[in-house]
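There are 2 protein chains.
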Amino acid sequence: MPFYQAPVRDTQFVLSNVVGLERYANLPGFAEATPDMVAAVLEAGGKFCSEVLAPLNLPGDIEGCTRHADGSVTTPKGFKSAYDQFCEGGWGTLMADTAWGGQGLPYVVGTAFQEYLQSANMAFAMYPGLSEGAQAAIEAVGDEAQKAKWLPPMVAGRWTGTMNLTEPHCGTDLGLIRTRAVRNDDGSYAITGTKIFISAGEHDLAENIVHLVLAKTEGAPDTVKGISLFIVPKFLVGDDGSLGARNAVSCGSIEHKMGIHANATCVMNYDGAVGYMLGEEFKGLKAMFIMMNAARLGVGVQGLAQGEVAYQNAVAYARDRRQGRALSGAKEPEAKADPILVHPDVRRMLMDGRAFNEGARALILWGALQVDLAKKAATPEEREMADDLISLLTPVIKGYCTDKGLDVAVASQQVFGGHGYVREWGMEQFVRDARIAQIYEGTNGIQALDLVGRKLAMNGGRGLRAWLALVKGEIAVADDAALAFLKSPLEKALGDLEASTMWLMSNAMGNPDEAGAGSVAYLHMMGIVALGHMWLVMAGAAQAALAAGEDVAFHEAKLVTARYYAERFLPDTAALRARLEAGSATMMAMPAEAF
Amino acid sequence: MPFYQAPVRDTQFVLSNVVGLERYANLPGFAEATPDMVAAVLEAGGKFCSEVLAPLNLPGDIEGCTRHADGSVTTPKGFKSAYDQFCEGGWGTLMADTAWGGQGLPYVVGTAFQEYLQSANMAFAMYPGLSEGAQAAIEAVGDEAQKAKWLPPMVAGRWTGTMNLTEPHCGTDLGLIRTRAVRNDDGSYAITGTKIFISAGEHDLAENIVHLVLAKTEGAPDTVKGISLFIVPKFLVGDDGSLGARNAVSCGSIEHKMGIHANATCVMNYDGAVGYMLGEEFKGLKAMFIMMNAARLGVGVQGLAQGEVAYQNAVAYARDRRQGRALSGAKEPEAKADPILVHPDVRRMLMDGRAFNEGARALILWGALQVDLAKKAATPEEREMADDLISLLTPVIKGYCTDKGLDVAVASQQVFGGHGYVREWGMEQFVRDARIAQIYEGTNGIQALDLVGRKLAMNGGRGLRAWLALVKGEIAVADDAALAFLKSPLEKALGDLEASTMWLMSNAMGNPDEAGAGSVAYLHMMGIVALGHMWLVMAGAAQAALAAGEDVAFHEAKLVTARYYAERFLPDTAALRARLEAGSATMMAMPAEAF
Numbered sequence: 001m002p003f004y005q006a007p008v009r010d011t012q013f014v015l016s017n018v019v020g021l022e023r024y025a026n027l028p029g030f031a032e033a034t035p036d037m038v039a040a041v042l043e044a045g046g047k048f049c050s051e052v053l054a055p056l057n058l059p060g061d062i063e064g065c066t067r068h069a070d071g072s073v074t075t076p077k078g079f080k081s082a083y084d085q086f087c088e089g090g091w092g093t094l095m096a097d098t099a100w101g102g103q104g105l106p107y108v109v110g111t112a113f114q115e116y117l118q119s120a121n122m123a124f125a126m127y128p129g130l131s132e133g134a135q136a137a138i139e140a141v142g143d144e145a146q147k148a149k150w151l152p153p154m155v156a157g158r159w160t161g162t163m164n165l166t167e168p169h170c171g172t173d174l175g176l177i178r179t180r181a182v183r184n185d186d187g188s189y190a191i192t193g194t195k196i197f198i199s200a201g202e203h204d205l206a207e208n209i210v211h212l213v214l215a216k217t218e219g220a221p222d223t224v225k226g227i228s229l230f231i232v233p234k235f236l237v238g239d240d241g242s243l244g245a246r247n248a249v250s251c252g253s254i255e256h257k258m259g260i261h262a263n264a265t266c267v268m269n270y271d272g273a274v275g276y277m278l279g280e281e282f283k284g285l286k287a288m289f290i291m292m293n294a295a296r297l298g299v300g301v302q303g304l305a306q307g308e309v310a311y312q313n314a315v316a317y318a319r320d321r322r323q324g325r326a327l328s329g330a331k332e333p334e335a336k337a338d339p340i341l342v343h344p345d346v347r348r349m350l351m352d353g354r355a356f357n358e359g360a361r362a363l364i365l366w367g368a369l370q371v372d373l374a375k376k377a378a379t380p381e382e383r384e385m386a387d388d389l390i391s392l393l394t395p396v397i398k399g400y401c402t403d404k405g406l407d408v409a410v411a412s413q414q415v416f417g418g419h420g421y422v423r424e425w426g427m428e429q430f431v432r433d434a435r436i437a438q439i440y441e442g443t444n445g446i447q448a449l450d451l452v453g454r455k456l457a458m459n460g461g462r463g464l465r466a467w468l469a470l471v472k473g474e475i476a477v478a479d480d481a482a483l484a485f486l487k488s489p490l491e492k493a494l495g496d497l498e499a500s501t502m503w504l505m506s507n508a509m510g511n512p513d514e515a516g517a518g519s520v521a522y523l524h525m526m527g528i529v530a531l532g533h534m535w536l537v538m539a540g541a542a543q544a545a546l547a548a549g550e551d552v553a554f555h556e557a558k559l560v561t562a563r564y565y566a567e568r569f570l571p572d573t574a575a576l577r578a579r580l581e582a583g584s585a586t587m588m589a590m591p592a593e594a595f
Numbered sequence: 001m002p003f004y005q006a007p008v009r010d011t012q013f014v015l016s017n018v019v020g021l022e023r024y025a026n027l028p029g030f031a032e033a034t035p036d037m038v039a040a041v042l043e044a045g046g047k048f049c050s051e052v053l054a055p056l057n058l059p060g061d062i063e064g065c066t067r068h069a070d071g072s073v074t075t076p077k078g079f080k081s082a083y084d085q086f087c088e089g090g091w092g093t094l095m096a097d098t099a100w101g102g103q104g105l106p107y108v109v110g111t112a113f114q115e116y117l118q119s120a121n122m123a124f125a126m127y128p129g130l131s132e133g134a135q136a137a138i139e140a141v142g143d144e145a146q147k148a149k150w151l152p153p154m155v156a157g158r159w160t161g162t163m164n165l166t167e168p169h170c171g172t173d174l175g176l177i178r179t180r181a182v183r184n185d186d187g188s189y190a191i192t193g194t195k196i197f198i199s200a201g202e203h204d205l206a207e208n209i210v211h212l213v214l215a216k217t218e219g220a221p222d223t224v225k226g227i228s229l230f231i232v233p234k235f236l237v238g239d240d241g242s243l244g245a246r247n248a249v250s251c252g253s254i255e256h257k258m259g260i261h262a263n264a265t266c267v268m269n270y271d272g273a274v275g276y277m278l279g280e281e282f283k284g285l286k287a288m289f290i291m292m293n294a295a296r297l298g299v300g301v302q303g304l305a306q307g308e309v310a311y312q313n314a315v316a317y318a319r320d321r322r323q324g325r326a327l328s329g330a331k332e333p334e335a336k337a338d339p340i341l342v343h344p345d346v347r348r349m350l351m352d353g354r355a356f357n358e359g360a361r362a363l364i365l366w367g368a369l370q371v372d373l374a375k376k377a378a379t380p381e382e383r384e385m386a387d388d389l390i391s392l393l394t395p396v397i398k399g400y401c402t403d404k405g406l407d408v409a410v411a412s413q414q415v416f417g418g419h420g421y422v423r424e425w426g427m428e429q430f431v432r433d434a435r436i437a438q439i440y441e442g443t444n445g446i447q448a449l450d451l452v453g454r455k456l457a458m459n460g461g462r463g464l465r466a467w468l469a470l471v472k473g474e475i476a477v478a479d480d481a482a483l484a485f486l487k488s489p490l491e492k493a494l495g496d497l498e499a500s501t502m503w504l505m506s507n508a509m510g511n512p513d514e515a516g517a518g519s520v521a522y523l524h525m526m527g528i529v530a531l532g533h534m535w536l537v538m539a540g541a542a543q544a545a546l547a548a549g550e551d552v553a554f555h556e557a558k559l560v561t562a563r564y565y566a567e568r569f570l571p572d573t574a575a576l577r578a579r580l581e582a583g584s585a586t587m588m589a590m591p592a593e594a595f
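Line order of the protein sequences matches chains A and B.
Number 36 in the numbering used here belongs to position 36 of the first sequence; there are no gaps in the numbering.
Number 363 in the numbering used here belongs to position 363 of the second sequence; there are no gaps in the numbering.
Hints are not guaranteed to be accurate.
One copy or two, either will do: identical chains are not told apart, so a pair holds if it fits within one copy or between any two.
Said to hold, decoys possible - SDA-like mimics (lysine to any residue), calculated; alpha carbons at most 20 angstroms apart, straight line:
#, residue 1, residue 2
1, K336, L285
2, K376, T192
3, K492, V73
4, K492, A481
5, K286, G324
Derived by calculation from the structure, the hints in this document are not laboratory data.
Model, not experiment: these values are computed from the prediction.
Work the whole structure out from these sequences, hints included.
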């Protein structure tokens, strides 16, 4: 039976040394996030995740969700009780605005907790996770009456929310959607259509479900420019907030999926359901992207989270399992075999996981800080820069962290040998669950296109310049001697990234296929450099702490891992650059019928 | 619903141009393998796989195997009928010796068919696959009476065989096994113990099951040197071959696994079961490795096979699914969207699959030819060289082809977007099934240790030298102008491999951990170069065919794919070499308690 322990010590290291949380105490919400408060949230949150949610993860996978003949959906045993505890503990309110009953804590603190949640039970975490996305959209584009009506019960968790984009014939290309919204006399709309892949679309955890649905109004252009967004509740809601009649929306079926079995992925049928326009007509996609951007960061967290929990279990197994002898001679000759942790190749798999997990944790929390700063920093310049940085790095966090999250889950499963393939050990579930994160909220190929096709050139390349300056600044101030082991390969990797950027600028303008052909390689390169940047910051902090004699074992391990990252991750940029510079000619040369 | 089409044209290209089958017509078995005969086997075999086995793959995954209270196991609906057709068609007898009712065809021809079988239905293919491994061991070390008794019904498929190595506490480290064999008065043995992960350990397809079981005799050394091998049939067999009493061996449970659900993975309980020693006492492991080496090649085939079927389905989806527009402007403006095959990143995923699949097919069939030549070549020198080559490359074929097979299955699944995560499309099954191939028959980490720890230095490095000479010879004769696109990156990759070999020789002698730390990187490097070697041979053949105006579309596609391999696979050796040369110091520096 797998276990999970929240890596609170490491989160705190990142919050202190990468995020520098205490520097922002003057900003709204940060003042409340005192070190003691944050420590209490992480400790109690980690304990809740380990003790309440993690034990439900494997049983939830085995049982899955059940759709009944009346369209209702039952979540696995224990989920309803865990969800009630989640709400009672206020775990869904950390980041929400105090105006709607939230705690108003910084996004970066909420994101730290999100990692624990996603490690402990990804399928469970998606129910409140989708709801937070829907809340973000209502908060961003709803009018005051809509916010007052829908947000408080959603923040409290009495109601949950969903995102309804995909239809059977379209996912990436939303211009093709066919769901229709016909205006009623009272100003509401009648929504008709079929949406698929609706996570948490129907379940038994909450009293009501608030669907946010993309649809086209009558006479709207039949393209992305004709899409509007609607609030379509499962139960109609009176002015006093009381639940009324069942709306004409129902779950037609649930998907049998590779993983996240305990989250209901629904086909939702809208049959003239009452909906309320959210934001402006034809601006539906823009509103949806507000949710989507937050959601993409959250999916990056899932990649890390599955990597982390898989790593933890692999370490425990590698300490416990005895098989063969160390290559350099028996380490525990009194036993019949050594623990497999003595084997370099087992350590390689574990260190791959550790170096990614710790780097990704830093990058994600640093990214979450930018989300806070984009809203709350003191000056417009600071807000703009934070917004530029997180816009640039969102596709990298989503794409790179989920690709690597799968790799780490696979390598951790590999440590178990044949046992890793057997359900009861839980490792194969981490792999199956991690896999979806590369696909949803825009496949990683779409993330890469967003990066090279939009984000690089956005505002004349301002975000990219700002980020490169940050990385170079960190390299410039890093100690030449003590940090040479990391500085020098990071500079080389950065050189590959910059050369690739130049290559894209020179070639993709004339032939956009060149950007498409190199986009995933470029995204991975930027991910490697972005984690390298974080490792440089962390290694410097670890050296300083060691010089002061603080928490020696922790900081020494941090430095060993930094060295591992330098030796075994950073050199990959050269091969990625070679792939990118190979261009698109060969892959486009193949006639469609020859594949 | 996924489909499968046997790639007969490509197999024939490899048999003609890489294997050069006609050159060996003077050898036993090869004379019968005329081009017409081989074409008929591939066509009919491919048809059987596509039409009978492939349609059972997804339903078999969903239904899985069922163990009943009496210990009997039922395979999924349709499996028994398909197995009967498999036996009637003689599909299990292709490679078997004519002395036991086989067709005596070359191993290379049988291996070509194995690929089709494993693509169409991997879980099904394992029932006869395990049986062929058991037959190989009986043939290699059994006495004449044993061969005459056990082989004919196994070759005919009336009985199947299994391999029983693993126990709950040991897999890789077989010296730890506890199963005991106590000699009976009649010369047979009473076998007692528990074996786990026994593929095809119990099922309803055959009349009898012949278990080959590793056990320790009384007084044997409690190490690998004390292991003997035993034949333990499910039903005892009379001298006339008739089935007698049920033996004291039973299936205690079946595993719930990530994939290959339709193959029963059994816990087998031996409770004083009657067994017969196979081969010499204490030489059990050696006999088992006869099966294991053939099995490892077969597992490499599984990696290719899952990559191939996943690729085929991804191509079909990419042609059919319309979403968005080509980056360079609409390709089919009359439709609302272009097929996603227009997108470079979709083509990248497909070409990654294609370049691997075709290269791996060539390497595997070339390897299978060495198995034939090691037994049948005219001179001892030729036999020795073939044996050297296949000994060296077996861990590479197993390790590299299964690692890449998973990658290709994952990328092919990714082409489907969200649909790839849903069971009914079948793509997620390919990923789950492919995953086991990296684990069983020795994890890929064990393969890498076998390569760097044993195979490189075997016979003073004779095998490695022979293989390097082959690759260099091919480079030397390749046309400088027409093949420069492939020669030059292959030379560079070969340079990385040779430098890494030197590095291992210089460093691993003093510290074996250096070999362990770099072993997987080295194996991947050798895999990349080995496929590059095959691509050079194939590209030359394709150019020659084009010069002669033969089958233009096929050979042009082959050249495009060769170029893709040169551009996007070969450059990876540099990063792998950097990882290898990073050595073991960092990963070994982490204290066990710090992980």
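Hint-by-hint comparison with the structure:
no. : hint         : verdict
1   : K336 to L285 : between (63 angstroms within a copy, 19 angstroms between copies)
2   : K376 to T192 : neither (39 angstroms within a copy, 71 angstroms between copies)
3   : K492 to V73  : neither (53 angstroms within a copy, 58 angstroms between copies)
4   : K492 to A481 : within (17 angstroms within a copy, 33 angstroms between copies)
5   : K286 to G324 : between (58 angstroms within a copy, 18 angstroms between copies)
This entry does not satisfy hints 2, 3, going by the numbered hints stated previously.
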